[in-house]
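Model the full assembly from the supplied sequences, consistent with the hints where possible.
Residue numbers (the numbering used here), protein chains in the order written: chain A, 1 to 302; chain B, 1 to 389; chain C, 1 to 296.
Careful: at least some of the hints might be erroneous.
Label-pair distances were calculated between CB atoms; the ranges are [stated by the list, open to error]:
| no. | chain 1 | residue 1 | chain 2 | residue 2 | range |
| --- | --- | --- | --- | --- | --- |
| 1 | B | E194 | C | F122 | 44 to 52 Å |
| 2 | B | G351 | A | N266 | 33 to 41 Å |
| 3 | C | F122 | A | A265 | 21 to 29 Å |
Simulated from the structure, these hints should not be mistaken for laboratory data.
Heads up, the beta-carbon is just placed ideally off N, CA and C, and yes, glycines get one too.
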Amino acid sequence: MSPPCFAALLALSAAAFAGIPFLAGDYAIGVALNLLMWIALTQSWVVLSAMTGYVSLGHAVFFGAGAYAMVLCFGSLPFWASVIVAGGATGLLALVVGYPCLRVRGPYFVILTFGLAELVKFVVINIEAALGQFGRLLFGGPGLAEIFYVVLALAAASAAITYSVRRSRFGAGLRAIRENEEAAETLGIDVARYKVLAFALSAVVPGMVGAAMVMRTTYFEPLDLFNPITSFTIVSIAIIGGGDDVPGPVYGAFFLVLLQEMLWANWPEIYMILLGALLVAFVLGVPDGIHGRIASWRRARG
Amino acid sequence: MKKLLTAIAAALAGSIAAEAAEPVKIGFSESKTGLFAQAATSQYQSYNLWREQVNAAGGLDVAGTRRMVEFVSYDDQSNPGKAVQIYEKLITDDKVDLLLAPWGTSLHLAIAGVIERYKFPVVGNTAASVQLRKLKAGNIWFPTSLFPDRQSEVLAALLKDRGVSSAALVTNQLPYTQENKSFVVPALKKAGIELVLNEDYPPDVKDLTALLNKVKNAKPDAVLAYTYPADAVLYMKGAREIGLDQQTQVVLLGPQYDFFGKIFGPARNGILTMGHWTPARKDWPSARAFADAFKARWKTDPDFLDAPLAYVSAEILQQAVARAGLDKDRLRETVAGTTFATINGPVRFEGVMNVALPTMISQIQGGTQHIVWPPRERTAEAIAKPAWK
Amino acid sequence: MADLLSGQLLIAALVLAGIYGLVALGLNLIYGTMRLLNVAHGEILMLGGYLAYWCFTLTGVGPIWSMFLALVLAGGFGAVVYRTLCRRVLRSARLIEQIEANSLLVLFGVSIILQNAIALSFTATARAYPYLDDIVRIGGFQVTADRLVVLGIGLALCFAVILFFRFSGTGLAIRALIEQPDAAHLVGVDVERMRTIAFALGFGIAGVAGCLISMLEQVSPFMGFPFTIAAFIVIILGGLGNIAGGLAGAAVLALIEVYGVALTSASMRSILIYGVFIAILVWRPQGLFGRRSVVR
Chain A
1 MSPPCFAALL ALSAAAFAGI PFLAGDYAIG VALNLLMWIA LTQSWVVLSA MTGYVSLGHA
61 VFFGAGAYAM VLCFGSLPFW ASVIVAGGAT GLLALVVGYP CLRVRGPYFV ILTFGLAELV
121 KFVVINIEAA LGQFGRLLFG GPGLAEIFYV VLALAAASAA ITYSVRRSRF GAGLRAIREN
181 EEAAETLGID VARYKVLAFA LSAVVPGMVG AAMVMRTTYF EPLDLFNPIT SFTIVSIAII
241 GGGDDVPGPV YGAFFLVLLQ EMLWANWPEI YMILLGALLV AFVLGVPDGI HGRIASWRRA
301 RG
Chain B
1 MKKLLTAIAA ALAGSIAAEA AEPVKIGFSE SKTGLFAQAA TSQYQSYNLW REQVNAAGGL
61 DVAGTRRMVE FVSYDDQSNP GKAVQIYEKL ITDDKVDLLL APWGTSLHLA IAGVIERYKF
121 PVVGNTAASV QLRKLKAGNI WFPTSLFPDR QSEVLAALLK DRGVSSAALV TNQLPYTQEN
181 KSFVVPALKK AGIELVLNED YPPDVKDLTA LLNKVKNAKP DAVLAYTYPA DAVLYMKGAR
241 EIGLDQQTQV VLLGPQYDFF GKIFGPARNG ILTMGHWTPA RKDWPSARAF ADAFKARWKT
301 DPDFLDAPLA YVSAEILQQA VARAGLDKDR LRETVAGTTF ATINGPVRFE GVMNVALPTM
361 ISQIQGGTQH IVWPPRERTA EAIAKPAWK
Chain C
1 MADLLSGQLL IAALVLAGIY GLVALGLNLI YGTMRLLNVA HGEILMLGGY LAYWCFTLTG
61 VGPIWSMFLA LVLAGGFGAV VYRTLCRRVL RSARLIEQIE ANSLLVLFGV SIILQNAIAL
121 SFTATARAYP YLDDIVRIGG FQVTADRLVV LGIGLALCFA VILFFRFSGT GLAIRALIEQ
181 PDAAHLVGVD VERMRTIAFA LGFGIAGVAG CLISMLEQVS PFMGFPFTIA AFIVIILGGL
241 GNIAGGLAGA AVLALIEVYG VALTSASMRS ILIYGVFIAI LVWRPQGLFG RRSVVR
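Take a look at the structure:
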């Protein structure tokens with residue numbers, strides 16, 4: 001897809017979403033908000049993990065750290081400013097920890113990122129305990145619509161980031177690292193710098209999303225905001241969507257969010273079991289993800 | 001035979017009444033999966049016990065008309081965001097007639113905004129935090145008296161009465177225990193009790209030996225273990241193993257649950273804990289009946305915290321609906337202005353709080369939980385914790 | 001300071017190391033051999049725990065005996081999971097490209113199914129039973145008998161597996177598969193069979209671990225995840241597929257949990273554990289005893 005085409009499509013989709021708060025009730029807005037949240041989170045994950053092959057199982061760390069930045073700014077900065085501060089903070093966090101962590105590869109890296117998320121979670125828990133805090137109530141924050149537009153903007157921004165990285169020299173470098181890191185190095189790619197940059201780039205949006213979403217529940221508790229399930233869900237959506245480009249996360253998020261909505265509303269007793277079974281069936285039945293499947297249909301039709 | 005016939009007659013009467021009127025739809029979210037799933041089960045069990053009892057008696061009295069009760073519930077995955085969504089769905093999409101509360105402080109706080117927006121009254125239950133008092137009164141109420149600030153004062157008074165002059169405090173880093181810690185430290189100081197050790201531990205701890213060893217060496221008169229249920233087990237096993245022989249040991253969350261008795265049996269005798277309900281109270285005649293019905297229905301004893309509180313909130317709703325019907329405004333006025341008779345004694349709200357129920361401290365004695373403090377509320381005298389067997 | 005030398009802390013650390021080692025052993029076989037990110041590991045433990053609970057409550061048979069049943073049942077379940085699900089992941093050229101993420105998703109699905117099927121059948125209520133909880137005095141310190149039993153069986157199993165890898169034909173073949181997957185295939189190792197065995201063994205040992213753990217803490221449908229995490233940390237620390245390394249990893253974890261807390265504060269426990277874990281990996285990216293060849 002050419003850049004003008006992509007820009008037009010992105011603008012159209014964003015406009016369509018922007019209309020939702022005017023047309024739908026709170027419940028539907030909530031579902032759409034969820035959808036946008038997962039799109040934004042997974043697009044960011046793709047920049048690091050799908051492009052370089054360094055699978056992060058700890059993206060909840062940026063979500064949670066962003067939420068915590070929001071909590072600390074709450075009351076002293078306006079909502080949107082806190083969101084930006086949160087993005088800056090998580091980007092910085094990624095820059096600091098990125099270099100040592102990205103020396104670790106393969107299966108070791110997967111668990112390392114998971115451990116990192118847990119470490120930060122417990123550091124935050126300790127800080128809160130030391131401050132004498134016990135779960136923070138955040139009253140007087142932004143309304144649902146305001147949060148929705150912020151997350152919409154973040155989803156659009158993250159899609160634009162994925163799109164441009166994928167088509168840049170930087171993105172080509174990242175994919176070269178995925179194919180063969182040693183070869184990439186001999187080609188003159190500054191592997192270490194590329195990886196750290198990708199890591200930082202993939203951390204900014206989740207931090208901002210976490211900052212916005214914590215205001216949705218008006219309550220901050222580290223165990224909830226750093227929940228490993230967030231990391232797992234991001235990986236699930238990326239795999240279901242497939243590929244290392246913009247459409248994958250969008251398809252994946254639509255599929256998972258709508259499926260969950262449908263299942264829990266209709267089969268509240270067994271929906272988790274069904275969800276589990278569908279995840280298994282999906283990976284085995286559609287190994288390329290939705291994006292890959294659609295692409296091969298297109299090719300088959302010529 | 002006669003019993004059977006009356007039962008059939010009652011059932012028939014019930015079904016006829018039910019045919020006559022649409023069922024009343026009552027919605028709530030339950031934490032079936034996730035962090036709270038284990039703790040939240042008894043709330044769900046109490047709700048269902050209540051529904052079955054109401055339906056067996058011919059239905060819910062809605063300002064004079066009997067109507068069957070039907071539940072609409074969804075799993076919130078212990079996730080506050082999900083609970084918010086579910087209550088939005090229950091109100092706007094399922095259009096339920098009444099709502100029951102979700103489990104735990106964080107979910108109560110999370111849904112407070114939704115019910116305020118839709119002016120939908122909900123009687124809360126399993127939440128206790130001083131932060132709840134910041135909520136706007138009018139659509140949510142809390143029957144509990146386990147608020148950490150009051151609880152800490154009452155506990156300090158009990159400890160002083162027992163002649164405790166020094167204490168060690170170990171605290172889980174989760175919110176409820178942290179909140180209790182923040183109030184009990186000054187309360188102890190005020191009561192002239194020296195805090196010889198004060199250390200936190202993280203919720204995923206797997207072994208407390210090293211920490212309890214420090215407690216042992218500090219030789220306090222009393223040990224305060226501010227635990228959640230999982231680490232309460234670690235505390236008990238560790239304390240027994242290294243021989244913490246203090247005669248005053250407080251275990252905050254854990255001893256109230258059925259599984260705790262299954263593991264420790266008589267070894268938990270004399271453990272002090274929080275709780276304001278016991279089937280042993282003679283002046284709460286329905287308390288025993290509730291405990292028996294719960295046991296008969298679910299094959300486990302009710303815990304002494306969430307099960308009765310959940311049931312109390314349903315009783316309040318039931319009595320309010322009998323007077324006011326389903327109209328939200330009238331219901332709100334009725335809940336706010338009536339004294340209710342429940343398995344936990346009378347309940348009367350001022351603001352969001354139940355002012356009819358004092359804060360109490362309980363103790364495990366002879367396999368059940370008794371109220372031991374304050375003296376005018378107690379069902380048994382507090383005992384010194386016997387040596388570990 | 002005298003505290004640190006007390007037998008009480010030493011035995012606590014030993015017992016904990018035994019538990020961690022036992023919990024991680026089964027995972028090491030699966031993640032180590034096939035790089036399948038088995039996030040359902042803790043759920044197999046949970047199943048073992050339920051088996052022990054029901055055996056004890058209904059028939060009075062203790063976990064010392066029901067663990068043999070757990071070994072067989074969980075092992076059989078492992079073979080089925082491998083043959084029906086995981087084999088396909090390993091065979092598909094597309095799936096193997098992102099083996100970690102794909103296997104994560106499949107086994108995440110399996111773990112969700114198991115958790116919720118158990119919650120639906122038995123409710124999420126915690127369950128427990130008293131067993132071997134007499135206090136044993138050894139020298140100057142005391143310990144409950146169940147913890148000693150877990151330590152003993154845990155160590156015995158670890159050594160049995162180490163011996164199996166060193167001396168039995170099957171064990172050697174599986175080890176070859178861990179260390180040189182391509183070469184193992186070339187020299188005629190029946191890869192399929194070895195993988196099925198590794199899977200069955202991994203699940204079976206996890207089931208046994210669950211049986212034994214149920215003596216120490218209450219069982220509930222959602223108890224598994226913390227064990228999964230602990231197991232991953234142990235085997236990554238020790239180096240994937242390295243059984244003796246796994247024991248060392250378990251010891252590191254236990255030492256931090258006991259002596260780290262004794263020296264600093266209990267509030268530092270988890271920060272120390274994850275901090276040391278990350279520091280070790282940054283220092284040695286293949287774990288303490290891992291080999292370079294394990295990584296692609």
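Results of checking the hints against the structure:
1. E194/B x F122/C: 44 to 52 Å: holds (46 Å)
2. G351/B x N266/A: 33 to 41 Å: With a Cβ separation near 40 Å, G351/B and N266/A satisfy 33 to 41 Å, so the hint holds.
3. F122/C x A265/A: 21 to 29 Å: Hint holds: Cβ distance 25 Å, inside 21 to 29 Å.
In this structure, none of the earlier numbered hints is contradicted; all agree with it.
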